[in-house]
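Protein chains: 2
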Amino acid sequence: MSRFEHPVGDALMARAERVIPGGIYGHQSPSFLVEGIFPRFLSRSRGCRVWDPDGHEYVDFLCAYGPMVLGYLDPVVEAAAEEQRRQCDSGNVPPPNMVELAEKLVAITVGMDWAMFAKNGSDVCTWALAVARHATGRDVVVMAQGTYHGVHGWCNSFGRGFPAADRANIASFVWNDVGSLEHAFAQNDGRVAGVIVTPFRHEAMHDQEMPAPGFLQAVRDLCTRHGSVMIVDDVRAGFRLHIGGSTQRWSVTPDMLVYSKAVANGYPLAVMMGRDSLRDAARAVFVTGTFFTQAVPIAAAIATVAEIEKRGAIARMERAGQRLCDGLIERARGYGLEVTISGPPAIPFMSFVADAGGFDRNRLFAGEAAANGAFFHPHHNWFVSAAHEDADIDAGLAAAEAGFAAVARKFGKDRA
Amino acid sequence: MSRFEHPVGDALMARAERVIPGGIYGHQSPSFLVEGIFPRFLSRSRGCRVWDPDGHEYVDFLCAYGPMVLGYLDPVVEAAAEEQRRQCDSGNVPPPNMVELAEKLVAITVGMDWAMFAKNGSDVCTWALAVARHATGRDVVVMAQGTYHGVHGWCNSFGRGFPAADRANIASFVWNDVGSLEHAFAQNDGRVAGVIVTPFRHEAMHDQEMPAPGFLQAVRDLCTRHGSVMIVDDVRAGFRLHIGGSTQRWSVTPDMLVYSKAVANGYPLAVMMGRDSLRDAARAVFVTGTFFTQAVPIAAAIATVAEIEKRGAIARMERAGQRLCDGLIERARGYGLEVTISGPPAIPFMSFVADAGGFDRNRLFAGEAAANGAFFHPHHNWFVSAAHEDADIDAGLAAAEAGFAAVARKFGKDRA
Chain A
1 MSRFEHPVGD ALMARAERVI PGGIYGHQSP SFLVEGIFPR FLSRSRGCRV WDPDGHEYVD
61 FLCAYGPMVL GYLDPVVEAA AEEQRRQCDS GNVPPPNMVE LAEKLVAITV GMDWAMFAKN
121 GSDVCTWALA VARHATGRDV VVMAQGTYHG VHGWCNSFGR GFPAADRANI ASFVWNDVGS
181 LEHAFAQNDG RVAGVIVTPF RHEAMHDQEM PAPGFLQAVR DLCTRHGSVM IVDDVRAGFR
241 LHIGGSTQRW SVTPDMLVYS KAVANGYPLA VMMGRDSLRD AARAVFVTGT FFTQAVPIAA
301 AIATVAEIEK RGAIARMERA GQRLCDGLIE RARGYGLEVT ISGPPAIPFM SFVADAGGFD
361 RNRLFAGEAA ANGAFFHPHH NWFVSAAHED ADIDAGLAAA EAGFAAVARK FGKDRA
Chain B
1001 MSRFEHPVGD ALMARAERVI PGGIYGHQSP SFLVEGIFPR FLSRSRGCRV WDPDGHEYVD
1061 FLCAYGPMVL GYLDPVVEAA AEEQRRQCDS GNVPPPNMVE LAEKLVAITV GMDWAMFAKN
1121 GSDVCTWALA VARHATGRDV VVMAQGTYHG VHGWCNSFGR GFPAADRANI ASFVWNDVGS
1181 LEHAFAQNDG RVAGVIVTPF RHEAMHDQEM PAPGFLQAVR DLCTRHGSVM IVDDVRAGFR
1241 LHIGGSTQRW SVTPDMLVYS KAVANGYPLA VMMGRDSLRD AARAVFVTGT FFTQAVPIAA
1301 AIATVAEIEK RGAIARMERA GQRLCDGLIE RARGYGLEVT ISGPPAIPFM SFVADAGGFD
1361 RNRLFAGEAA ANGAFFHPHH NWFVSAAHED ADIDAGLAAA EAGFAAVARK FGKDRA
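Chain order of the listed sequences is A and B. For the first sequence, our numbering assigns the number 1 to the initial residue and increments by one for each residue that follows. For the second sequence, our numbering assigns the number 1001 to the initial residue and increments by one for each residue that follows.
Just chain A, with the same shape it has in the complex:
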């Protein structure tokens, strides 16, 4: 069976289309990948490898869109989760280990004095806005144009189904453009509750963009000057750049910080953290959910954070990501192709210079790479895990080579 063939996956998709709108929805939609080549379903995962129901194996560079920071089914995390599972999980009141996780996160996260837990990145981004609004008595929140902060009405990228009123108190600025942020403050003078910002620009369908020198500090200074709350949305980047919060890479400390994805190595958990000055507001805002303090994801998070430290996982991911990025540039050159690598090495993205903001070459590349056993997303940043060894990176690069060859064949070389 060719790697392009997915009879089991095709049959599943046909069934899915009958009972699920679109068959598969949201960020996992087949149209967000390359239809006809990528698997629509995955049925097994271990370390940095995933398998589809037709038996094809892939070196994974998406890590379930971020969560798998130590790799799938990490034995230490799973043992901690299982031990907790035998005691309790969902309950009437929280489990004792909620306190332990809050203490651990407060101890390692620079400038943050408290923590609270939820399930989704969307939950904690919205919650952070509510805390900032209650603390300041102001309504306006400023976000970077186009940034993904989840799917709630105030930030839903497509907006369909959400009334305009949901976005009535959202102002925007342009990433890395301090003047545009100053303008947003001026336009909403005395009304800005907070600014929410990611550590670097990482929305889908774009090259990533690191903060320009001084940019995050300028956000910090403007928030301080205007009495507004600086919120870092570290849902996507958290625990891959710095154990104390991603913006510590640039020595900038926000007033609030939200995590999800990688904090529990695939178990569903989100975290909101903040400074002491916001403690009363966080207490006053009523946000809750039946599963917010589940003990098993919390146990997984305690183990994940400890293992990230113990294994030097952040340095390992940076090194593995750098090996990947260097190898991609080199192999692309071998086919006469110029690529742009963007973002930090542990959360890289690659595009083709000749695509000039389009993704035709990316789709061909990613499809061919998938057919040769590596899962590179054509439209969304990638993730490296601490389970990626040199041999896994090299296996990914070998699959990538097939992608470069296909691009050179179809589109020609960028240079001789």
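No lab work stands behind these hints: they were computed from the structure. Cβ atoms here follow ideal geometry from the backbone N, Cα and C, with glycine treated the same way. Keep in mind that a hint or two might mislead.
[Unchecked claim] Looking from chain A toward chain B, a few residues come up when the C-beta cut is under 7 angstroms (computed):
#1 ILE20
#2 PRO21
#3 ILE24
#4 VAL93
#5 MET116
#6 PRO163
#7 ALA165
#8 ARG279
#9 ARG283
#10 THR288
[To be verified] Over the 12 angstroms line for every Cβ pair with chain B, so calculated as not near, a few chain A residues:
#11 PHE4
#12 VAL110
#13 ASP177
#14 GLU182
#15 ASP189
#16 ALA315
#17 ARG333
#18 GLU338
#19 PRO345
#20 GLY358
#21 ASP360
#22 ARG363
[As the list claims (entries may be wrong)] Not close to chain B: a few residues of chain A, all C-beta gaps over 12 angstroms, as computed:
#23 GLY36
#24 VAL174
#25 GLU318
#26 ILE329
#27 SER342
#28 GLY357
#29 ALA398
#30 ARG415
Position chain B relative to chain A; hints supplied.
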């Protein structure tokens, strides 16, 4: 050690207060129970019993606020979850069993043609509103005054931190008052996207209220007449009244239905379901989350639904709940006290007639019952599970008796 003493819990709480605003937040906050008597933490659970970190055991009548429909750590559900866990959980694309669960839910849920998955009840309630709005091209949603549909801005009970604009398109009616719903339609003529309603009235700090004869049918008819979407929020009641959706008890079929809590016996999962006519809108609205299609909660849900059917769990819970309610009335009478039992037997609530809408007697009762080994919530409806055997109900009633005795001692009898 007395059952009122919680040295381990007290020490945990002191630590929690330093690193979590309020120590414990949301619906699990100690102030929502009876401070000084109820445990603030629970560290073990099995079947219908829970244990606090100080070693006190309780017969549980809260079921983690609903999820534990088969009981904590049900062996069949756990075996299914573990089998799936060894294969995959969070992933780049969905697991095959997502299709299986959607098929199963569509097969058993009356009138519903498709299903989608999320993590929180709040997620799917908000999502249902978005689908109704996109499908109708209208903005207004009508809800019953005071009903709990989660914590998003449009329905957050306290509102703190959420701008008024979040509620700009919400109209309301009075539960069981058809005239008030007709009035809401008239006031928003041609602008009502949908009506969201629970199967019965079950918000906290109130006696519950079943739908008056014809009430749910009147909601159905008004929605049909005005081209509005009828949404049933079955997050709390789902899988305890009827396997085909709770409003089937009254032979009423909505256009959309949302579940969470009990669907996966404690694993975090939420479900949105709808009719064929809403399929395109559901596909068009962009809502997603990293953990929405996790395979393990889905496996748990497949097993949970199958076991509910196989064990006749809904009938068992009704019978167990009826035994509890009958026993409470009888024992209260023995102390000369009159109580009001409200809601369906599987999701009952009890208040004291003499409290006249207050909860002083309820707090004393629930505190004494907790001190004697049963977990009855003083302000929020209770839940029975299929793990509650007659002996467990009777153990709960024995603990309740201590509560009635205390109420009679402090407040006196209602009658000789």
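For each hint, the structure was consulted:
{"no.": "1", "hint": "ILE20", "result": "holds, 5 angstroms"}
{"no.": "2", "hint": "PRO21", "result": "holds, 4 angstroms"}
{"no.": "3", "hint": "ILE24", "result": "holds, 6 angstroms"}
{"no.": "4", "hint": "VAL93", "result": "holds, 5 angstroms"}
{"no.": "5", "hint": "MET116", "result": "holds, 6 angstroms"}
{"no.": "6", "hint": "PRO163", "result": "holds, 5 angstroms"}
{"no.": "7", "hint": "ALA165", "result": "holds, 4 angstroms"}
{"no.": "8", "hint": "ARG279", "result": "holds, 5 angstroms"}
{"no.": "9", "hint": "ARG283", "result": "holds, 4 angstroms"}
{"no.": "10", "hint": "THR288", "result": "holds, 3 angstroms"}
{"no.": "11", "hint": "PHE4", "result": "holds, 16 angstroms"}
{"no.": "12", "hint": "VAL110", "result": "holds, 15 angstroms"}
{"no.": "13", "hint": "ASP177", "result": "holds, 26 angstroms"}
{"no.": "14", "hint": "GLU182", "result": "holds, 23 angstroms"}
{"no.": "15", "hint": "ASP189", "result": "holds, 18 angstroms"}
{"no.": "16", "hint": "ALA315", "result": "holds, 24 angstroms"}
{"no.": "17", "hint": "ARG333", "result": "holds, 28 angstroms"}
{"no.": "18", "hint": "GLU338", "result": "holds, 27 angstroms"}
{"no.": "19", "hint": "PRO345", "result": "holds, 20 angstroms"}
{"no.": "20", "hint": "GLY358", "result": "holds, 22 angstroms"}
{"no.": "21", "hint": "ASP360", "result": "holds, 22 angstroms"}
{"no.": "22", "hint": "ARG363", "result": "holds, 16 angstroms"}
{"no.": "23", "hint": "GLY36", "result": "holds, 14 angstroms"}
{"no.": "24", "hint": "VAL174", "result": "holds, 23 angstroms"}
{"no.": "25", "hint": "GLU318", "result": "holds, 22 angstroms"}
{"no.": "26", "hint": "ILE329", "result": "holds, 24 angstroms"}
{"no.": "27", "hint": "SER342", "result": "holds, 20 angstroms"}
{"no.": "28", "hint": "GLY357", "result": "holds, 22 angstroms"}
{"no.": "29", "hint": "ALA398", "result": "holds, 20 angstroms"}
{"no.": "30", "hint": "ARG415", "result": "holds, 34 angstroms"}
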